[in-house]
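Asker: From first to last, the protein sequence lines stand for chains A and B.
Numbering of the first sequence is given in this note's numbering, commencing with residue 966 and proceeding in unit increments.
Numbering of the second sequence is given in this note's numbering, commencing with residue 17 and proceeding in unit increments.
Misleading hints may appear alongside valid ones.
Said to hold, decoys possible - DSS-like mimics (lysine-lysine), calculated; alpha carbons at most 25 Å apart, straight line: (1) 619(B) with 1461(A); (2) 1585(A) with 313(B); (3) 1461(A) with 500(B); (4) 1462(A) with 392(B); (5) 1585(A) with 295(B); (6) 1587(A) with 306(B); (7) 1186(A) with 1105(A); (8) 1591(A) with 392(B); (9) 295(B) with 1591(A); (10) 1587(A) with 313(B); (11) 1462(A) with 295(B); (12) 313(B) with 1483(A); (13) 500(B) with 1709(A); (14) 1483(A) with 619(B); (15) 392(B) with 1465(A); (16) 1587(A) with 632(B); (17) 1585(A) with 306(B).
Unchecked claim - Here are some of the chain B residues that sit facing chain A, going by a computed Cβ distance under 8 Å: (18) 304; (19) 539; (20) 555; (21) 670; (22) 674; (23) 675; (24) 678.
To be verified - From the derived model, a few chain A residues whose C-beta atoms are all more than 12 Å from chain B: (25) 1052; (26) 1053; (27) 1102; (28) 1275; (29) 1301; (30) 1337; (31) 1521; (32) 1673; (33) 1713.
Think of the hints as simulated: they come from the structure by calculation, not from any bench.
Cβ atoms here follow ideal geometry from the backbone N, Cα and C, with glycine treated the same way.
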Amino acid sequence: MATKKKSHGKGTIDSYKELKEDVKSREKRTNVEEKDDLDLKSNAKSNEIVKELVADQSTTASTRTYYSMLISVTLLSLISRLYNIDKPAHVCWDETHFGKMGSWYIKREFFFDVHPPLGKMLIGLFGILTGYDGGFAFAKPGDEYGETRYIGMRVCCAMMGAAVVPLAYMSVWLLTKSLMSSLFAALLILLDVGTLTLSRHILLDPIMMFFIMMSTYSQLKFLSYRDRPFSSQWWIWLALTGLFLASSIGVKFVGLFIILYVGILTVNDLWKILGNQTISLVEVVKHFVARALCLIILPILVYIAIFGVHLRILNHSGNGDGFYSSAFQSQLIGNRLYNVSMPENVAFGSVITLKQRRTGGGYLHSHWHLYPEEHPPRQQQITTYAHKDFNNEWIIKLADQEPKPDDPVQLVVSGDLVRLEHRETRRNLHSHHEPAPLSRRQFQVSGYGVNGSGDANDVWVVEVVGSPPGTVIQTAKSRLRFIHYHVRCLLHSHDKKLPKWGWDQLEATCNPNMREPKALWSVEEITDNRLPNASFEIYSPSFTERFTESHAVMTQGNSGLKPKEGEITSRPWQWPIDFRGQIFSGNNHRIYLLGNPIIFWGCLVAHVLFVVYYLAHTVKAKRGHKENKAWTEHKETIFSACWWLLLGWALHYLPFWPMTRVLYFHHYFPAFLFSAMLTGVILDHTVILLITLVPDSMGSMVFHTVVGSITSGLILSFYLFSPLTYGMDGPVSHEEDSKWAGLKWLRSWDI
Amino acid sequence: MEIQSTTPPPADRQRERVTSFYPQDDIRQLMPEPQRVEGDGSPMPGNLEERGRNLQENDRILQAEKSKPFSVQFEVDVVQFLLTLAALGSRLWMLGHPRAVVFDELHFAKFALLYTKKIFFFDVHPPLGKLLLAVAGGFSGLEDNADFDHIGAGYSPTFPVYTMRLLPAVLGSLVVPLVYQIAVELRLSRWAALLAGLCVIFDNALLVQSRFMLMEGMLLFFMCLSLYSYLKFRNLAHRQFSVQWFFWLSLTGVSFTCNLSIKYVGFFTAALIMIQIAKDYWNLLGDVTKSDLCLVKHLFVRAFLLLTVPVLGYVFIFYIHLSLLTKAGPHDNIMTSAFQASLEGGLAALTKGQPLNVAYGSQITLRHTHSLSPGKPCWLHSHAHVYPIRYPDGRGSSHQQQVTCYVFKDINNWWIVKHPDRNLLVVDEPPKPVKHGDVVQLVHGITSRALNSHDVAAPLTPQNQEVTCYIDYNISMASQNLWKVEIVNRKSDDEAWQIINSHIRLHHLGTGQALKSTGKQLPDWGFFQLEVTTDRVTDQPATVWNVEEHRYTKIQDKEGQTRDIAHSEMIPTEPTRLSFWTKFLELQYKMFMAKGDVEMEHKYSSEPIQWPFLSKNVAYWMSPNNNQQIHLIGNPVVWYSAFLSVILYVGVFVFYLMRRQRACYDLSESDWSNFVFVGEILVGGYLLHYLPFFLTDRTLFLHSYLPCVIYKILVMAALSDHLYSLSNRISYIPSLLTIFVLGLVTCVVWAFYRLSPFTYGSISLRTEEILGLMWRDTWDFLIHATPSPPPQ
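The following block holds chain A by itself, in its conformation from the complex (with noise of 0.2 Å):
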């Protein structure tokens, strides 16, 4: 590796003299032409010359050397990614989530996640690729995956996960034309521990990664071809980078800040576009149509698609059906809804089952449990609860008699006076004036009476919502209200968990305010043989409302991802000092997700070089400092390409700051890469300054010593924390006779 560099090194060092003694050349005269008063001519001329050696620059150095350092770092980056991928030979962290997911795909068993299901179709994909039948369980990490074909999935992941790489390479290329640069953006990524360890292992991440680094790379290439608009190639680059911002946000959410990101750099083009008086404005608008097309429809259309293929794939009852409505159940192979009939409307003595009209709401339920005696009356518990069962159950029943077996069959209508007994414990549905264990605001539900009989506090009004009184209601179609007669507050659930005493199912409350929108309850589920059965199809829906509901219940199920009380969670002013990390193994084969000390604290340290190096640079502009020409145009390179990483940077990393749900460590990666980016365009450019400073005799030595120094500091680190990733054995660091002692450099390790 480190003979390659210097190869590499002899290539770039004599453009760097040539760059510099121009620059000095250029000093000196223009010192000498500010005493002459300004020669324009010979300033002109000299411009031509800078311009020349810097264009040689890249045309020499680029063909040859910068296709030999491609292809070795893409090796590189691929031997680091694959050595030893079938260890450990058992599941690992979040494995346990995104391998069981994968291989719900290939049962086609309906399951509820978090993420849009891009990253985890493509697990499953790989899975069926390389032999996985999807048998197996992925229960919890840890568990040992004998005779099953994991390593298939890994090396898919890992693949996409080495492809960054390369991929830095090129877009640093492409930002500032420097091979240094791309060089060491690209080592800082290849050697850092963190991004390798979660490259290697059967999760989202390294997917998520390739789709940033992709869309990334296919910008700027498309914005390379801004002197060639609407050529083939221009074309293509532009299509490709929205297919990748659907793909990225199709794994996750947080594409929506690579989305966020091309968007920037679209509006700065356009608006470039739009200075240019040679262009005419049905030309800009051209510009700007073929823009909307490849990176909004398209990225819609694909992200649709996405979820398409999602929806055709799984088509059986899974564990997730409970997050949905009943009609979208309805959809589901082997879901007690699917193909169903059941009688139309309610009559009195029907037993039916009532779900809340609203995503994530669950259904009416009560069990033989009293409310603790912190929350008095010790009445029977009413909850709501995401799953089926058969204490969901409650028999309708008018106010004031009890149903005889011989009655006339008599519909439920909007305005009745009706009582809700539970099926299993025969108590009534009932409210009083006492404060919910956790809404103090609202009013206790509670189960009461014997056998069926309470008293005049079970009564409640039922109404059909936007429909007169007197209207029947419908199963599953009517929006149901249940108003308390005495108390006049509405029947009411939401989305707090009760504690432990409640089985962590959710409250139900009456709710004094009448306007609130969501107190809606739906009959879903209906049994009585004295009426007509109906089939359910009529209510089936159609893609867009499955898509819709879809997006409801992941935007639910996220905001719900909150960290409880007492709970340590990572924050985001851990991550760029590489404060704690993450274990994703804990048995004898370890693995310990933690970015590479020297280079994250080195990334920290770039950044603040270049705020540095830029505020000095705009403030002797400020104050009419003058340079030389081809040297400021190289400095406005070079910030212009970190402006735009640092933004890549910022767009992936600040959002999380005010986020309150449960952060991990890993979330930082993405940021990351922006991050080593920037470092590399920044090291080449100290790298330069350095060699400016010096007299011209020690330029090459300087030079020589300090790619030489960081080269060989970067890969010493990457040896000393490569174990992390590759695994450990034997005690762990905070016991004495551990061999990792030596790296706990932080306390907050756990090594």
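Given chain A's structure and the hints, the job is docking chain B onto it.
Answerer: Using the frame of chain A, we list chain B on its own:
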């Protein structure tokens, strides 16, 4: 974007392209040079001569003025004067009505009362507003024992309702002339300024909010004052380092400090001003006629007056706050033991006279220092019940005695510190203090079992270890009951363990893990107490404990023991002294960490997205007898038209920007840069005060939007002024515009008049009238004493 107002020399224009994406792009060079703008705070290198000429002329005029040595010049802006009068009139009319607690007066009046009684309280907002209220109350003899527990409760006859409401009302009225002046300083016409002033007067929400003992009246006053003084300062840029220049700059700093010391939202105004100051300074840098030294001087003055002074002022306000509140009060539990003990009464009374150092043989209670949810402290606790053999999820326990964290004081919270090598539980003579790094055993006082931990998963947090009081079942499980004491806040390594002040961490000797309270509630078998575990991650706030109550174990010889205790070091009879900084930092930490009632749901709470559309009102007060009621509801005409103006202003800005990019310059450079500056201040201020609310988790109410209302009203004035100046290019349009604005003002007044019963709460409306005023069906006014409607 080049929104530069100076004229940099041509060479500089290229260097400013650093952020441009294409190095080769030379388009910008085609653009004309921006022109110099009068009075934007920047120097005018190109026009120095002309300026000199102007100055000479001015001098001549000044000379002429000076030739009248005994005259006093006096100028009154009649419009402004009348506006002020009208504002005062509208704010002070019927100020004493209702004589009952209106909405958040419940808190603020109570806090003011606590100031006069010197009782410590805790609030998430900084203290200045409440201090000012207390001062206002103090002057009017607020020493009442009034006790109000709900909104609508009547004040006692001696309670100075009128005077306490006077301060917010007067400050709230002064917002009107300030808004007028801000418009003038922004170079809007006096007519536009008048429009802004009128809208502020006739906005029902601003009016209601400044009429009661609430924070917003004061908040808005200081907000406008800081904005006004900043603009004054900026317009004085040509007279740098003059007395006025210094005065307005200092006033800017002082007023935004006051602003953010009332509520932290004030920070956004401060940020807005800081950004503008930084921008102005950046332009100053481009002035090559200024020496570097001069620039450094500028920087220093700004940094001192806008950073150092505000920080000092902010701390000083807390200093007053903490030195006033010296007695223990209802919110003590939120604070640490040390903080509590530094207050008179409360914990201090309990711990007074306790021996200072924990020794072998001490009986102690251990409090979890940083309670995980504010106001819910807990103490290390054990009782004669064991962990269940199996948990519902199938895991097993050690079946030993439970150790929990209990939120009440209890006899079972007492522990005895024991030397591992000795069986004796009594204190030596003299007491041998426990030091940092010592190893101890903790024996539970009632059950005499030792605190123990071992490699069994904790009940609710399986990744942690279980903590028990050891029972010897005579199976292979040995006791592991040695704990190493680490004093977290030690100054030296051989410090002795003190009660209250020492924050300690107990490291389990066998496993190196630290004793922790997870804050999770155990189920019924644990009596719903909080779980205690040991955690591998030792360095976290949840592992910090401190001794609260303390006594040495009694021995038979009572007399000797009394003598001992008499000889040992005693806590002085005065309360523990904590330095101001310790208290300040703790209070700040708690204020920022307090989650508030995240769970709280309120009928009248609202989401930020609803605010501009005024879709919800807030009921403030309702008479118990009739339909008199007070609501916080904005003047819909003002709110909608102002919100529309914000959108239009941005639209017009984007339009101009695109035209400029195509090299069409519709405005003169000075008009353009003033347009941009006004936009930055007003639209920027609006967004800065609005958008951050989308990120908060708290229950929000409409009144958080009021700063934005001021900004958007100003945007409306600016927009109409701009349109008017444009319309001069076409005949008839100006008069049409004038008529339109007059019509708008009429509508504003009409809407104000219609809604005023809910503002002053003076008229009992009939049910139909109230229903008629529900202009939007999401509004919720109250209707009194209607018979309950028959079931539908």
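Asker: Against each hint, give a clear statement of whether it holds in the structure.
Answerer: Going through the hints against the structure:
Restraint check for residue 619(B) and residue 1461(A): satisfied, since their Cα atoms lie roughly 17 Å apart, inside the 25 Å limit. Of the supplied pair hints, the one linking residue 1585(A) and residue 313(B) holds, its CA atoms being roughly 18 Å apart against a limit of 25 Å. Under the criterion of a C-alpha separation no larger than 25 Å, the hint pairing residue 1461(A) with residue 500(B) is inconsistent with the structure, at around 41 Å. Between residue 1462(A) and residue 392(B) the CA atoms are separated by roughly 20 Å; this keeps the pair inside 25 Å, and the hint holds.
Between residue 1585(A) and residue 295(B) the CA atoms are separated by roughly 16 Å; this keeps the pair inside 25 Å, and the hint holds. Straight-line distance between C-alpha atoms of residue 1587(A) and residue 306(B) comes to about 12 Å, which keeps the hinted pair within the 25 Å bound. In summary, the hint linking residue 1186(A) to residue 1105(A) is not supported, as the alpha carbons are separated by about 43 Å, beyond the 25 Å threshold. Restraint check: the Cα-Cα separation between residue 1591(A) and residue 392(B) comes to about 64 Å, which exceeds 25 Å; the hinted pair is violated.
In summary, the hint linking residue 295(B) to residue 1591(A) is supported, as the alpha carbons are separated by about 22 Å, within the 25 Å threshold. Between the alpha carbons of residue 1587(A) and residue 313(B) the distance comes to roughly 18 Å, so the proposed pair stays at or under 25 Å and holds. Distance check on the hinted pair: residue 1462(A) and residue 295(B) sit about 50 Å apart at the alpha-carbon level, beyond 25 Å; violated. Annotation: proposed proximity of residue 313(B) to residue 1483(A) is violated, straight-line Cα distance about 61 Å (limit 25 Å).
Distance check on the hinted pair: residue 500(B) and residue 1709(A) sit about 22 Å apart at the alpha-carbon level, within 25 Å; holds. Taken as a hint, the residue 1483(A) and residue 619(B) pair is honoured in the structure, with Cα atoms around 14 Å apart against an allowance of 25 Å. At roughly 19 Å between alpha-carbon atoms, residue 392(B) and residue 1465(A) fall within 25 Å of each other, so this suggested pair holds. Our distance criterion of 25 Å between C-alpha atoms is broken by residue 1587(A) and residue 632(B), whose separation comes to about 50 Å.
Using a Cα cut-off of 25 Å, the hinted pair residue 1585(A) and residue 306(B) holds, with the two alpha carbons roughly 14 Å apart. This hint holds: residue 304(B) has a C-beta 4 Å from the nearest C-beta of chain A, less than the 8 Å allowed. Against a cut-off of 8 Å between C-beta atoms, the interface hint on residue 539(B) holds, since the closest Cβ of chain A lies about 4 Å away. A distance limit of 8 Å between C-beta atoms decides the matter here; for residue 555(B) the minimum to chain A is near 6 Å, and the interface restraint holds.
Taking 8 Å as the C-beta cut-off, the interface hint given for residue 670(B) is violated, the closest approach to chain A being about 11 Å. Below 8 Å, beta-carbon pairs count as interface contacts, and residue 674(B) has one with chain A at about 7 Å; its hint therefore holds. Because the smallest distance between the Cβ of residue 675(B) and any Cβ of chain A comes to about 10 Å, over 8 Å, the interface hint for this residue is violated. Interface hint status for residue 678(B): upheld, as the beta-carbon distance to the closest one in chain A is roughly 7 Å, under 8 Å.
Once the 12 Å rule is applied to beta carbons, residue 1052(A) is consistent with being away from chain B; the minimum gap is 24 Å. For residue 1053(A), the shortest C-beta to C-beta distance to chain B comes to about 20 Å, beyond the 12 Å cut-off, and the non-interface label holds. No beta-carbon of chain B is positioned within 12 Å of the beta-carbon of residue 1102(A); the least distance is around 17 Å. At roughly 30 Å from the closest C-beta of chain B, the C-beta of residue 1275(A) stays outside 12 Å, upholding its exclusion from the interface.
No beta-carbon of chain B comes within 12 Å of the beta-carbon of residue 1301(A); the shortest separation is about 27 Å. Residue-level check failed: residue 1337(A) sits 8 Å from the nearest beta carbon of chain B, not beyond 12 Å. No beta-carbon of chain B comes within 12 Å of the beta-carbon of residue 1521(A); the shortest separation is about 16 Å. The claim that residue 1673(A) is not at the interface with chain B holds, since no C-beta of that chain comes within 12 Å of its own (minimum 30 Å).
With a cut of 12 Å on Cβ distances, residue 1713(A) falls inside the contact zone with chain B, its closest approach being about 7 Å.
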